[in-house]
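Engineer: The lines below spell out each chain.
Protein chains: 2
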Amino acid sequence: MQPHTVTSFDAELKAMAGLIGEMVSRAEASVADAAKALDEGNVKLAHQVIEADTALDRLQHKVEEMAFSVIARRQPVSVDLRAIVAAIRIANDLERIGDLAKNVAKRAIAMGQSPAAVKVVSSLLPLALRVKEQVRLVGEAYRTRDSGIALEVWRSDGAIDKMHTSLFRELLTYMMEDPRSIGTCTHLLFCAKNFERIGDHATNIAETTNYMITGQVL
Amino acid sequence: MQPHTVTSFDAELKAMAGLIGEMVSRAEASVADAAKALDEGNVKLAHQVIEADTALDRLQHKVEEMAFSVIARRQPVSVDLRAIVAAIRIANDLERIGDLAKNVAKRAIAMGQSPAAVKVVSSLLPLALRVKEQVRLVGEAYRTRDSGIALEVWRSDGAIDKMHTSLFRELLTYMMEDPRSIGTCTHLLFCAKNFERIGDHATNIAETTNYMITGQVL
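These protein sequences, in sequence, are chains B and Z. So the first sequence is residues 57 to 274, counted in the numbering used here. So the second sequence is residues 57 to 274, counted in the numbering used here.
None of these hints come from the bench; they were simulated from the model. A few of these clues could be false.
In this list, chains with the same sequence are indistinguishable; a pair is considered to hold if it fits within one copy or across any two.
Said to hold, decoys possible - Taking lysine to any residue pairs in the SDA-like style, the calculated list, with each CA pair at most 20 Å apart, reads:
#, residue 1, residue 2
1, 162, 185
2, 162, 103
3, 249, 166
4, 162, 218
5, 249, 221
6, 118, 271
7, 249, 159
8, 70, 148
9, 162, 106
10, 162, 101
11, 100, 88
12, 162, 253
13, 218, 166
14, 118, 145
15, 162, 217
16, 118, 272
17, 249, 224
18, 162, 221
19, 218, 181
20, 162, 85
21, 118, 137
Chain B extracted, bound-state conformation (with noise of 0.2 Å):
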């Protein structure tokens, strides 16, 4: 093996792991501002959310390009090759996570700052900044390789589902008690729902992650 090749591989593995750490924090962003632009019926910020979105899908597409073009000149075997599946995956799972953020800035948009809403989006912001915390998790999990951190990521996914539900149906309450409300709050049980699989995909790149570190499925 020449110390040459050997160097400029590794390079190109740490500019992967660069531009996933990127998508980390801009969906990350995207999440608190998604939560953020709904909690304050702020539709300018909720049309950032929408636009920042296309960063996000340019990322993956370079992740993407790049791991397929690392595969075919260096055909890597074992722990690297793990490395640049589980780049391709993590990219997937983040992209998705900024389309479920703009889904929701979406709806915050359609929703308006109409006060009806306001008593029950609060109930939304404990969940929403949960699945943002394990979203910034994941990455720290990723980019120090620490599948401890992984693991708490994957265990914690059970209580967020507990959040869900519970929000789910404390919406369905409002949406009998008041069916005036009911265009509103099936935005929000959307919004919930979106949140919720935010949190699922947070899952996931927990999953890869430690496969990528231990090389183990959990």
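Starting from the known structure of chain B, arrange chain Z on it as the hints suggest.
Structural biologist: Chain Z in isolation, oriented as in the chain B frame:
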């Protein structure tokens, strides 16, 4: 180029296309069965849809593994690389179609044979059958390398969105007229959204198939 190598490469590409073909058949059957289970309140069929989903997951992993292995060993370029990357993307979309059908099946079980639902479910069927047809058509476009069919699927997405929007309004109206139907109708709102998203994945597959054939992005 050695004829033997070329032949065997072609055989690998064909095997991958064969797996995609099997995934299309299974995804199409899952969508049809999920719709039928919902329409008939057929809990047994719904359980079958849920169980059938693992086969799609397994096939997706098989396509991915085969693709990475081919890229590493053959270092394909141009049209061949496009076919392999397309297989990875299409397998991903088909796996997600299976997930969405599974979610409809779970909701069919949760709703059981709730008589209130019967009338409303019937409005869902045309949407479900339409997206099932999109999955079938896009599978044919892939199998026969027909970009014309792919384009046809791609163009139909707007019509499906319209069907979904109209169904969505109908469901909201039911909920407002009869708050006791809110629980059932909420399940149906999510079922409708799942079918719409299955249509989105068919559109993705149409885009990928067209890219595979023509090298052009729609």
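Engineer: For each hint, tell me whether it holds in the structure or not.
Structural biologist: These are the hints, each one checked on the structure:
Taking CA atoms no more than 20 Å apart as the test, residue 162 paired with residue 185 passes inside one copy only; the shortest distance there is 19 Å, against 28 Å between copies. In this homomeric assembly, residue 162 and residue 103 come within 20 Å of each other (Cα to Cα) only inside a single copy, at 8 Å, whereas the closest approach across copies is 34 Å. For the identical chains of this complex, residue 249 and residue 166 are neighbours both inside a copy (17 Å) and across copies (17 Å), given an alpha-carbon limit of 20 Å. With identical chains, the CA atoms of residue 162 and residue 218 are at most 20 Å apart between copies only, with a shortest distance of 18 Å across copies and 25 Å within one.
For the identical chains of this complex, residue 249 and residue 221 are neighbours both inside a copy (9 Å) and across copies (19 Å), given an alpha-carbon limit of 20 Å. Taking CA atoms no more than 20 Å apart as the test, residue 118 paired with residue 271 passes between copies only; the shortest distance there is 17 Å, against 25 Å inside one copy. In this assembly of identical chains, residue 249 and residue 159 lie within 20 Å of each other by CA distance both inside one copy and across copies; the values are 11 Å within and 13 Å between. Taking the closest pair of Cα atoms, residue 70 and residue 148 come within 20 Å of each other only inside a single copy of the chain (18 Å); across copies the shortest separation is 26 Å, beyond that limit.
Only within a single protomer do residue 162 and residue 106 lie at most 20 Å apart by alpha-carbon distance; the minimum there is 7 Å, versus 31 Å between protomers. For the identical chains of this complex, residue 162 and residue 101 are intra-copy neighbours only, at 11 Å inside a copy versus 36 Å across copies, given an alpha-carbon limit of 20 Å. Only within a single protomer do residue 100 and residue 88 lie at most 20 Å apart by alpha-carbon distance; the minimum there is 14 Å, versus 41 Å between protomers. Within a single copy, residue 162 and residue 253 get their C-alpha atoms as close as 16 Å, and across copies as close as 16 Å, so both meet the 20 Å cut-off.
Taking the shortest alpha-carbon separations for residue 218 and residue 166, only the inter-copy value of 17 Å comes in at or below 20 Å, while the best intra-copy value is 27 Å. For the identical chains of this complex, residue 118 and residue 145 are neighbours both inside a copy (13 Å) and across copies (15 Å), given an alpha-carbon limit of 20 Å. Within a single copy, residue 162 and residue 217 get their C-alpha atoms only as close as 23 Å, which misses the 20 Å cut-off; across copies the closest is 16 Å, which meets it. Within a single copy, residue 118 and residue 272 get their C-alpha atoms only as close as 27 Å, which misses the 20 Å cut-off; across copies the closest is 18 Å, which meets it.
Taking CA atoms no more than 20 Å apart as the test, residue 249 paired with residue 224 passes in both settings, with 9 Å inside one copy and 17 Å between copies. For the identical chains of this complex, residue 162 and residue 221 are inter-copy neighbours only, at 15 Å across copies versus 23 Å inside a copy, given an alpha-carbon limit of 20 Å. With identical chains, the CA atoms of residue 218 and residue 181 are at most 20 Å apart within one copy only, with a shortest distance of 15 Å there and 31 Å across copies. Within a single copy, residue 162 and residue 85 get their C-alpha atoms as close as 16 Å, which meets the 20 Å cut-off; across copies the closest is 33 Å, which misses it.
In this homomeric assembly, residue 118 and residue 137 come within 20 Å of each other (Cα to Cα) both inside a single copy, at 17 Å, and across copies, at 16 Å.
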